[in-house]
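Participant: Top line first, the protein sequences correspond to chains A, B, C and D. With the first letter of the first sequence counted as 1, position 377 gets the number 377 in the numbering used here; the numbers rise by one all the way through. With the first letter of the second sequence counted as 1, position 94 gets the number 94 in the numbering used here; the numbers rise by one all the way through. With the first letter of the third sequence counted as 1, position 71 gets the number 71 in the numbering used here; the numbers rise by one all the way through. With the first letter of the fourth sequence counted as 1, position 28 gets the number 28 in the numbering used here; the numbers rise by one all the way through.
Honestly, I wouldn't trust all of these hints.
[Claimed, not checked] Some chain C residues close to chain B (C-beta under 8 Å, calculated; not the full set):
id: 1; residue: Val12
id: 2; residue: Leu19
id: 3; residue: Phe74
id: 4; residue: Ile75
id: 5; residue: Met76
Keep in mind that the hints were calculated from the coordinates and are not lab data. The structure displayed is predicted, hence computed values, not measured ones. Where is the CB? At the ideal position from N, CA and C, for every residue including glycine.
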Amino acid sequence: MIAALLLLIPCISALALVILRPAQARPIALVSTLASLAVVVFAWISYTGGMVLHYDLDWMNAWGLRFVVGYDGVGLLMLILTAVVFPFIIGAGYGQQHDRPAIFNGLLLFTQTFLFGVFLAQNALLFYIFYELTLIPVFFVLLYWGGENRRNITVRFFIYTLLGGLSLLFGLVYLLIQSGGNGDFTALQALNIPGGTQVWLFWILFLAFAIKLPIFPFHSWQPETYYMAPLQGTMVLGAVMLKMGLFGVYKIVFPIVPLGVEHWQSTVILLALIGAVYAGIIAFRQSDFKRLVAFSSLSHVGVLCAGLFAWNTYGISGSLYQAFAHAILVVGMLYLVGAMQERVGSTDMNAMGGLKSSMPRLAALFLLVLVNAVALPLTQSFVGEWLMFAGLWQVDGWLTLLAVSTIVLGAVYMLYAYQRVMLGPDRANQQLPDATTRDHLYLVPLIAVTLILGVHPGPILELVDAPVLQLLSSLSVN
Amino acid sequence: MLALFYLFAAISVISALVVVSARNPINSVIALIVCFLSIAGHYILLNAQFLAMVHVIVYTGAIMVLFLFVIMLLNLNKATEPMKSLATRIAAVTAGGLFFLTLAAAIRNGIQVQAANEFDAGVGLVRSVGHVLFTEFLLPFEVSSVLFLSAIIGVVMLAKKEKHQAEAPVEPLTEAERARRTA
Amino acid sequence: MEQGIITAIRTVPLDHYVLLSFLLFSIGVAGVVFRRNTIIILMCVELMLNSVNLLLTAFSAYHSDPRAQVFVFFIMLVAAAEVTVGLSILVMMKRNVDSVDVNQLNRLKG
Amino acid sequence: MILASLRRKLSANVAGGLATALIAGSFVASVLLFMGFDPTSGGRTVKLLDWIDVGGMQIPLALRIDALSLTMMLIVTGIGSLIHLYSIGYMHDDERAPTFFAQLNLFSFAMLMLVMGSNFLITFIGWEGVGLCSYLLIGFWYKTPEYNYAARKAFVMNRIGDVGVVLAMVLLFQRFGTLEYASIMDMASGVNDPLLIAATLFLFIGATGKSAQIPLFTWLPDAMAGPTPVSALIHAATMVTAGIFLTVRSSVLFELAPFTKDIILWIGTATALLAASIGLFQNDIKKVLAYSTVSQLGYMFVALGLGSYSAAMFHVTTHAFFKALLFLGAGSVIHALGGEQDIRKMGGLKGHIKITYFTFLVGTAAIAGLPLLSGFFSKDLILAFAFQRSPVIFGLLLFGALLTTFYMFRLLFLVFYGTYRGKAHPHESPLTMTIPLMVLAVLSVVGGLLNLPHLFGGHEPMKHYLETAAAGIGYEHLELSALTEIILMGITTTLVGFVIYVAYGRFVKTTTLEGEEATMPVFKRLIAQRWRIDELYRALFEKPYAWLSTNLLAVAEKKVMVPLMNGVGDAAIRVGDVVRRVQTGNASFHLLAMLCGLILFLVITLMSN
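Please take these sequences and the hints and turn them into a complete structure.
Facilitator: See the structure below:
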């Protein structure tokens, strides 16, 4: 029931929006996402642990495609993440001017449907189908509502991610052949693939997720795409879609090719951290606010990925927890980008500065979001980062040092950005409006989530704890 | 019986070759009609009387006449067709020959088939074919009428002169362009 | 009478029919590739269809199964429809580019 | 009672009176706690809620009350209340005063978390929290880019230190499976593990960041950009002593890592001397005090390096008294002169602002270590420990102390003696500002009693009190004979007196002012320009970093990564181009190709049969 609702609510409302094109598209979309949120919250309350299977239907068994949907703790976390973030993504549209808002919001809702699908799927091919389907609405969002040079960038983004998807498909087909045509995750996880095969199969499977995340050196589509995309598109990409990469690694790469993971673990961590440091350094000199957010997201994701590949309880739970924090953070930062753009008219930080005088409240809100970005204790990010560092240490001390250094880099570029946007002498001609009710309605809940989960991360960590332990113990048995 | 088969076979192959090689489309059409008639002969040899009749009516009677009409209508009854380059022609003939050889090679060991059913002299007569057609294949038969309907509509749409097309033909070719293409 | 028909049909080995229809089919194929006149290409397609019909009928007779013949009947139906559409396209082509040379139809160039 | 001290965070953004009342309330709470606390029990832990609980990691949000945290709580809340009171007067005409008080209270909250945390991670909450507040308060006047820069610099340098703390925590967690102080200290005793050296070194890196030691000290003088009460509270009395607190907290670990202690000792000595030398020629009243703070922090670290944790804590306490006093006094001077900070434009203020003058005099005397004032006892204790270790260190420290005396009296004389060289009309500060000054002056005088050594009839009460909380103190042994001690004190006092006399001759009788830097001799100019360390750092780190940032984007990203990605796209397009040529659009050609494909397919099928 829950799974069906999750897939149907956004899908039906999306269809309604696209076909009927009502004038009040955004409120409808908002209500739809809130309904999904309610369903997810219900699922969360009634969740008692273990794997909850909702449907187990035959579909195209000959190809290994079956309609198996359900979730475990981690899946539920991802569902919560998606459900929590989407109302904000839709809500961000209130500051933006779009033509054809019905179709735009419809596409966003389609994305949500497919994302739910990805996080619910318990069959590899079903997962793959949803995984690729998410690209389609996003493609149109980028292509029709994107900024400068959108055709080129969108097409490149599309080709690049499709290439990754292709590689994933190839790997899945190989696995299907091995498993005799049974594509359920349970069946694939039971496969005992020889070590030599796992070594190359790892990259085949991981490439898609590496591009989606993205980790260094597969990242170069990201900054430009984030910059060019409409604000809400960037939110979808940065807050939720890249989490599919993490989820994919957790769901497919870890259980199926554990030996491959073991073999490449340090390489991946190193790459991810190089990317994190690299992006952190670049972010410092970015003069565009939105690009800065893109690079900072890149930097955070590097650490996320490294934490995941620490391949132990702390690392994985920390990474998954941080995934949540990062989603909230990205949405908050991007909303601020939007709010600045509304007021100043561009995202160029050279055009800002000294805004704190005219908008002290917004400056304070910005600061609170920023506190999460630099992972100060008692915010959500700190919990995640601490766990990841603890996990990484068990792998290698030097890598940990590299990872920890990103918190310095983060402080450098974030504070510099804050200074350039908010602080400094007044600009004579700027009488810009301070934070409106809408801004408060938007940012205060985000900040509240950040702080509450920073002080009391238990509920989320509980979700993650058991499945991660189970995963790790099942692997050590093999 | 065998002699009759060979006769019809020879006629059909020769006329088919004429169809392909004749310079004048009219000759091709005539040869094709001959070919079809010989194939009708084969049908009779095979006791498929119903098919033989339908074949003659549909193909020879309707389709080929349609071809003739079009040829006359468009004034194509002259051997004006430029031939393709020699290489292409050789390639075409070789490819066709190779294709035949490969197909023939597929049955080089002969075809081992056991007759699936007891022989029934009635098979191929109007009665048996009609019975199957109107019981087992009734739905496809009816659906085929839809096919025809759409074909009719399609043809009318295609053949109808559109105004703007009549005024401005799509990219009229220059003389040089046409020469280049035909070369 | 029945026996006569049986011998009449079975005297000619099935291979012969198969070979014959292969031959006709190949000639049709060669023609399609060989000629540039669209109307002749259409005729060659008809030839190929007929070779297939012949094959089906032969097998039908050997198996004493009328269903294959129904199938041939349907093929004829479709062929008739196809020819009408094909010829009308031909008329269009003649009207638009004033030629029935198939090489004129190269707009599909990538 | 603990919640009472936490409460301030909630109602922070009201005006100064309320803020002061709140922090005073928490001071009362702390005092009550102190009264009700039995040092022999060793301390107790109050668990508020589970914080992080994953796998084998259980980190509760818990507070620990013991002698050490109580001492720090008293300092933080006590001096905090005074400074809040002071701020009411100091900030009364600033329109953003409520924000100021909110941030100041937030700071107190974070600082209390720091000292009260029952495990490293809770301490770290406060550790980062005070860093944030420090950032906010240094950049309080956000319209001046230099102030923002200073704030950012402070935060980033602290962050570098934090890296060390995080690594140390990770390491300790890995080794002991917990971060609770009590458990770690229990488990650690007797462990001999190179890991501990690493962990303590990392902790010390954190301490250098927060407590402004070499190499991370340059942020503290710049931090004077903040309002003066902030400088007094954060950058003199409390936050900067966090590093010392942390070291004392984990004294057991440091005792097990002698190598780290040596490093601490030398870095402390070097910092003390370097900062003291810089202090000699500074012209900004607050900068002089800032370098003095750095120097005094160096002394505290020397004490830690020598293993005399109680001496360090003692100095923390007395330093909190007299440095807060000095800063507030300086603030009062600045207030009196309407914002003037250059001592070359002061002078002769003795007559105009009497209370300030008198209290400032007390503070100066205390920091210089004039006998029987608080600074005298604490500094001499450190010197005695140093002498026990090696006379060389003693000599260096003594030299540093003399430098301190010299520049402090230079400051005093230039500001309050001679003739007035400025333009503004000096006026005494309101009562809210002078009361804290007087209270602190009294404390500076009598603070020494807290840990009165045996020599003067005391029995070091503070040491015994702290011993219950920081086991490392138990290792301390000062085994100098009474005679040696008296001789040492005598030498020190005599020299200090001599230096004061020199300073008096130079600054009161003739009023020597520093000219432009360009006219100074080379060596002196180098010192006046703070050994050009800021410039060095800028050339060594900031510029290359900016260069790296620009060039990574311009070269690595734009020239390598993006083309790489585009390469993938272009490759697809190019392949398409090649394949496209096959699509001639010639129908017969397509048919021929199809035929060939068909033949090929059939041949392969036949072959494989």
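Participant: Each hint: holds or not?
Facilitator: Results of checking the hints against the structure:
no.: 1; hint: Val12; verdict: holds, 5 Å
no.: 2; hint: Leu19; verdict: holds, 6 Å
no.: 3; hint: Phe74; verdict: holds, 7 Å
no.: 4; hint: Ile75; verdict: violated, 10 Å
no.: 5; hint: Met76; verdict: holds, 5 Å
In terms of the numbered hints stated before, the structure departs from hint 4 and from no other.
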